[in-house]
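Visitor: Here's the letter readout for the chains.
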Amino acid sequence: MHPLLAQRRSLSAYLLFWAGLAVVPWLLVRSDHALGGGLLAATSTLAFALLTLSTWYVCRALPLLPSRIFQVLGVQLTAAAAWSLAFLVLSKAFVEVLALVPAWQELPREVDHAAYALVGVGALFYLLVASFHYVLAELEQRKDAVEREGMMALHAQRAELFALRAQVHPHFLFNSLNTVSALIGYDTVKAREACLLLAEYLRGTLRAQDRSLVPLGDEWSLSEKYLKVEQLRLGERLRVDVAIDEGAAACVVPSLLLQPLVENAITHGVARVDEPEPLRLRAQRRGERLAIELENGRDPAPHRRDGGVGLANVRARLAAEYGNDAVLRVEAEEKHFKVVLDLPARQREATEAS
Amino acid sequence: MTEASPARRVLIADDEEPARRLLLEYLRAHPTWTPVAQAKNGLEAVQLAKEHAPELLLLDVQMPKLDGFEVLGLLAPETAVIFTTAFDEYAIRAFEVHAVDYLLKPFSAERFAQALERAELRLGTPRTVAAPVLAQAARGPDSYLERLVIRDGAEIVIIPIDTVDYVQGQDDYVEVFHGGRSSLTQQTLQSLEASLDPRHFVRVHRSYVLNVRRVARLEPWGHGSKLAVLHDGRTVPVSRSGEARLKAVLGV
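Chains as they are written, first to last, in our numbering: chain U, 47 to 400; chain P, 74 to 325.
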C-alpha cells in the first residue's frame, strides 16, 4: 500500500501542497474568469496528484541505482510524456464540465490556447511527483532498515538471554564422571546413585530450559540435585542449610535463576576452602517482595579474582524480566560471600497470561 | 624373574576424596610406586612433600589454600610432577613448568600407566624453570598477581597483593613488606614488578616497588630525589625518574 494512503494527515498535506501548485496552470490559462480558471486548475491538478500516486509502484520497482540510471531515465521520461498528455486530457475533460456554467463558456477555448503550456506543466508536475516518490521510497527503506535492526537487536537480546541461562558446565560433568569412575572401584552402590543423580539433574536442566518462569520451590529442587552430585565429590566440605518459607516457594522466578549462583558458591567458594562452612539459602516472602539470600564461605586471599560472569548474567536476566524492580546485591566479607536478591513476589496465576 | 626396582615414593595431592582413592587404586597395579602420603590441599602438599621427599607428586590443579602451580613453585626441583585435572586449559602452562604429564579427569588406568612410564624416564632430572615462568604459570595468562606465596623458613606465607606496602630488591632476592612484617623470596625485582598491576605498583627507585595506595606524601630528600612517606610513617626513597612514574600513575 502507498505510504501516503496509510496516513490521513500525510495525504492531506500532500493534497494541500498540490492545491498550492494549481496556481501554475491557473496563471498559464490566463482565463478572463478568475474563479472558473482557478476551479479548473485546482480540479485537474488535484486529480493529477491523486492519479500519479501510482508512481510509487514504478519507483519501488525501479530503484534509483547508479547501475540502472539509463533505464530509470528512459522509463521516467516516457512516463513523463504520457502523464503530460494525461494532464492535458484531464484539463480538457474538466473544462467541458465547467463550460456548462453559462458565464464560463469561454473556458474551453482558453484551455485550447494554453494546450502546449499545459502539456509542459504536466511533464514538470510528473517529474516532481517522481522525485517525491524516490525520496519517499528512500525514507521508507530507511525506516524498514531501522525496524529490521530493532528486530535483530531484540532477537539478539533474546538469544543472549537464552545463552545467559545456566547451562551444564562441562567441568562439572568431567569432575562428576571422575567421581563415578572412582566410586566404581570402591562403592558400586554409590556409583550407581551418582549416575542416577546426575541423570536427574541433567534432565531437570533440560526441562528448565524450556520454561521461562518457575516456582522458587521447583528452582531450588533442581539446585538440590546439583548439590547432591557435588556432595559426592566434596564430601564433608559441602553442607547445605536451607530455609525457604511457604510463601516464597510458591513465588515464580525466571527459570535457572538460582542455579548459576549456587554453582558460583560451589566453584568459587566451597571448593576453595577447607573448613566446612555451610552453604546457606534463605528465601522469604515479605508482602509484595521476595527476598532470597545465598551465603557461602570463601578464601580470604583468593588466587584469582574470577567469577563475576555468573553474577552479571543473573543481573542481566533480572533486568530483562523485572526492569528496575529487582535488585541483586553482593556482600563480600573476608571469609563470607553473600548474594542478596530482592524481587517482586509474583504468583503463578498472575504471570500465566504473559 | 624381573629385576627388582627400587621403591618410588609417590605423594597424592587432591582435595576430593574419590579422586584420591582412584589414584590409590590405579597405583596398586604399579608396586614399584608406593604412595607415602595424601594431601587434601595445596599447603598440605607442600608440607608433606618436604617431609617425605617423594620422587613423584600427583598434583590436582584446583585445590584450597594453594593451587597446583603455586605448589609446584615451592617444590624441590627433583620432584617429578604429574598434573591431574578436569580442566584442559592449564595444559600449556603445565608443559611450560616442565610437568611430566597432564592427565585429564576422568582418565583410564592405561593412560595413568603411560604417565608413570614418562615419570620413570624423567627421574633424577631436575626441573629447571626460571622463577618468572613459574610466577606467570601460577597467575595464569592476562592477569596480574593476586597473591604472593612465599616460603619463609618452615612457614608458607600467603600474601594478598593488596596488603603489600612495598618491595625492596636485593640482588637475587626481594624483600616484601606487608602489614608490619616482611618476607624474603628468591626472585628479581624486575620479574616481580612485571607481574604486578601497574596501576597500583610503581617502580619508584632502582631497588623499590611501591604500592601507590600506601603513599601519604612526598618529602624532599636532597639531590632532587624525594622520600615517600607511607600512611604508617615508614619511608621509601624515590628517585627523580621514579617520581615522574609515580606522578603519572597518581595523575598529578
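These aren't lab readings, by the way, just hints derived from the structure by calculation. The reader is advised that the hints may include incorrect statements.
Taking CB as the label site, the calculated pair distances span [said to hold, decoys possible]: (1) P:324 / U:242: 25 to 33 Å; (2) P:235 / U:219: 51 to 59 Å; (3) P:233 / U:371: 31 to 39 Å; (4) P:233 / U:219: 29 to 37 Å; (5) P:324 / U:370: 44 to 52 Å.
Here a beta-carbon is modelled for each residue, glycine too, at the ideal position from N, C-alpha and C.
Visitor: Now tell me if each hint is right for this structure.
Guide: Results for each hint:
no. : hint                      : result
1   : P:324 / U:242: 25 to 33 Å : violated, 60 Å
2   : P:235 / U:219: 51 to 59 Å : violated, 35 Å
3   : P:233 / U:371: 31 to 39 Å : holds, 37 Å
4   : P:233 / U:219: 29 to 37 Å : holds, 32 Å
5   : P:324 / U:370: 44 to 52 Å : violated, 34 Å
Hint check: violations occur at hints 1, 2 and 5; the rest are consistent with the structure.
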